[in-house]
Amino acid sequence: MANRILYIITFFGLMATTLLTAQDELPQKWNTEKIKGTRHIPYGAYSGSPFMNDKFIMGEITFSDGLKMDSIGLRYSSYRDELIYYNTAISAQIIIDKISLKGFSFTDESGNKRVFHHQYYNGFFPGERYFEVLSDGDIALLVYRKVVLQVCPPYNDNAGNLKNMSYQQAYNYYLYNDKKGYELIRLNRNSLLSNFDKLTQKSVKKILRKNKVQITDEQSFVIAWNLLKENGITINF
Amino acid sequence: MGRKIFTLLLLFAVFTVDAQEKESLNLFTDRDLYISGETLLLKVFAPASEQSGVVSIDLINRNGKKVTGVILEIIDRQADGFVYLPDSLSSGSYLLRTSTRTSKIRTCKELYIANRFTGLPESNSDMKPVGIVPLNVTSVQDLQVDGIENQYKPRQKVHATLQLPAGLLNQIDGDLSVSVAGTTQGNMAPPFLQISEEETSQSIVKEGINIDGIITDLKTAKPFKNAVVYLSIPDSIPGFQYFITGEDGRFNFQIGKYYGKIPVVIQCFAKENSNLLKITLSDRNNLKNAMPAFEPRTFTTEFRKSVAKSTDAVTFRKIFNQQEITIQPAPIIKRDAYPYYGVPTKTIDPQLFIDLPDFNEISKELLSGVKFRNYNRIPTLQVFNAAQQFYFNDLPLLLLDGIPIRDLNVIKDMGTKDIDKVEICQNERFYGDLIFPGVVAIYTSKADYTRVPESNDLIKLNLEVIQHHAVVNTPSEQLPNEPDLRQVILWKPTLKPAPKMELYFQTSDIRGSYKVVVHGKTTDGSIIYKEQSFEVN
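So the sequences go chain by chain: V and H. Add 91 to the 1-based position in the first sequence for this note's numbering, that's all there is to it. Add 2 to the 1-based position in the second sequence for this note's numbering, that's all there is to it.
Derived by calculation from the structure, the hints in this document are not laboratory data. Honestly, I wouldn't trust all of these hints.
As the list claims (entries may be wrong) - As a list, the in silico SDA-like pairs of lysine to any residue whose alpha-carbon atoms are at most 25 Å apart:
hint: 1; chain 1: V; residue 1: Lys-189; chain 2: H; residue 2: Arg-337
hint: 2; chain 1: H; residue 1: Lys-273; chain 2: V; residue 2: Thr-179
hint: 3; chain 1: V; residue 1: Lys-159; chain 2: H; residue 2: Asn-254
All values derive from a computational prediction rather than experimental measurement.
All chains should be modelled from the sequences, with the hints used to inform the complete structure.
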């Protein structure tokens, strides 16, 4: 009996070995796409931050041909609308060519995944821009995280120099559809309601009231937007 | 006990062959006998695990020397193509062999090629491969070829129907391959598997063609570490790749979807010092180690007759200039939107200005931010860094028709007439881990890359890449007086499976036996086939 068991075990062992050998593990499929860009020259030091994230955060970029590259240190410059990555091999901060990217994403310090798309903006100051996607779908809720350098009341910086310029947030929020383009939207209840007809506005108000959502900032606006999407309320766009 | 061990070993062998077959490529040709100067048609079924995206087909002679070869694109786990058999081939057995970058298993098929001018050897004997294990193909009864009669007249129109039952239809993976061709008496061996002794590539797999080699120090002939190897594909938007060698001095490039023949330039230089280097590309043409054994065989009278008949047919087709296939245009592939060196800051066309005799004058008069000097016959080149308002100290990336060059003497004599346009990037550019302190890209009027000299560290290749698709020509009804000497009267390598598939073809002027052969692959990796013979008298 023991012999028979040994015989069966040996047989199955050999069979498994055979199949594993034939299926030989192949090298991992990965693309060798190279990042193209120019050197990042530090901006002027003023109060406020020109970057959305001051530190480099590990993230993923998607090239225009759809290929992805992950685990690279990224920093988004809201001031210049540029994506900067840190090349560890040559210790350089490089501005990735915007034209070569479809988008990028990273998880911020509070654990939220931030997704940015590179797309053409045809409104005022047309051009290629990175938009953060707050809510995706047929009609997407996007934000252009612009920071501008503006004149401000005089102040002394850390080195004691007197300055009168500072980086200030000038975020713009848009509703976006592939066919219809962009529509500027403000982060308040009235702006949201104005996108629905009178009959739908009632149900929108009801949903917001039921869920105790008061639109005061970006976060509450996104919550409200997602709630309406969940309830199948279509927007006039 | 001995019987048990024997049973165990037998089972082991069966499983090994079966597993290999399902992981291997399957190769089928339109015929087994060819005449030099003809075109061979072939079909390949690839396993689902095949990642390289292309398959190399090599025609190898009995000594293991590659005679010719093509690279086919694998689309939906299948590929089809053709091989021109050179007129100069001597009569004998040849192997047609598939190979991919990721698979150690290669499929071979024996062919007999007779020289059009010398015919079969006078000794009436030749060598044939022995000790080979043929690949399993299953004849399926469910697949029916209806409407084929036993006999047809020359130039008779034939309508046949392939009937595929629903059960089998669901099992078919990809397309079917259908051929109607003349058969040869004294048939050749079926396809067989061969395990490669060479090491398959361990590099990252990307779809495309592989170019690899080794960089050695010219003085010591030892592999050179930290050599920067550039591969450039001159074009309006040039292609570019680089590789930095390790301890073994080896480099590896994978070229994507390019069709036909493309110019490729490979060059290298030492990253940190000025050693003289040499590039040696891997020789894949000598495959002697992977050849089966051969033994003598004698030709039958029928085989000699078949060869004589085919030789006449091929010769007359040549006389009447009848092309067997028509090459299809290559698909349009979306390449990079801008060159790898970046969107140029400035583009200058010197021909819009007054004629200038050399590059020194052109740089002074037309290229602001580019300082080209030739003091004491030592040329120097610098580009202005617009972002930081100074000239870079280092030599910028200098390109001639997309090919990086390091010897400034190549461009110093170029005048207005030689230059089509100059593109300049006035910033520090990065490509992967490479840093370019500015870029000057010169595009010449001739665009023939002859100014770039070949050397030990620069190789120019005219690389055969993915083969263009082709269709088999059918006889023109407008030329009824021309003989129709086709030996392959139908070749449909990508017939979409359906419950009913209609086949229309016309017999040629060549009388003899013909066979309708259908090949397909099932989802479990097995190969199915069906054949039906008829005569043309």
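Results of checking the hints against the structure:
Our distance criterion of 25 Å between C-alpha atoms is met by Lys-189 (chain V) and Arg-337 (chain H), whose separation comes to about 17 Å. Distance check on the hinted pair: Lys-273 (chain H) and Thr-179 (chain V) sit about 18 Å apart at the alpha-carbon level, within 25 Å; holds. A threshold of 25 Å between alpha carbons decides the hint, and for Lys-159 (chain V) with Asn-254 (chain H) the separation of about 21 Å falls inside it, so the pair holds.
Violated hints are absent here; each numbered hint is respected by the structure.
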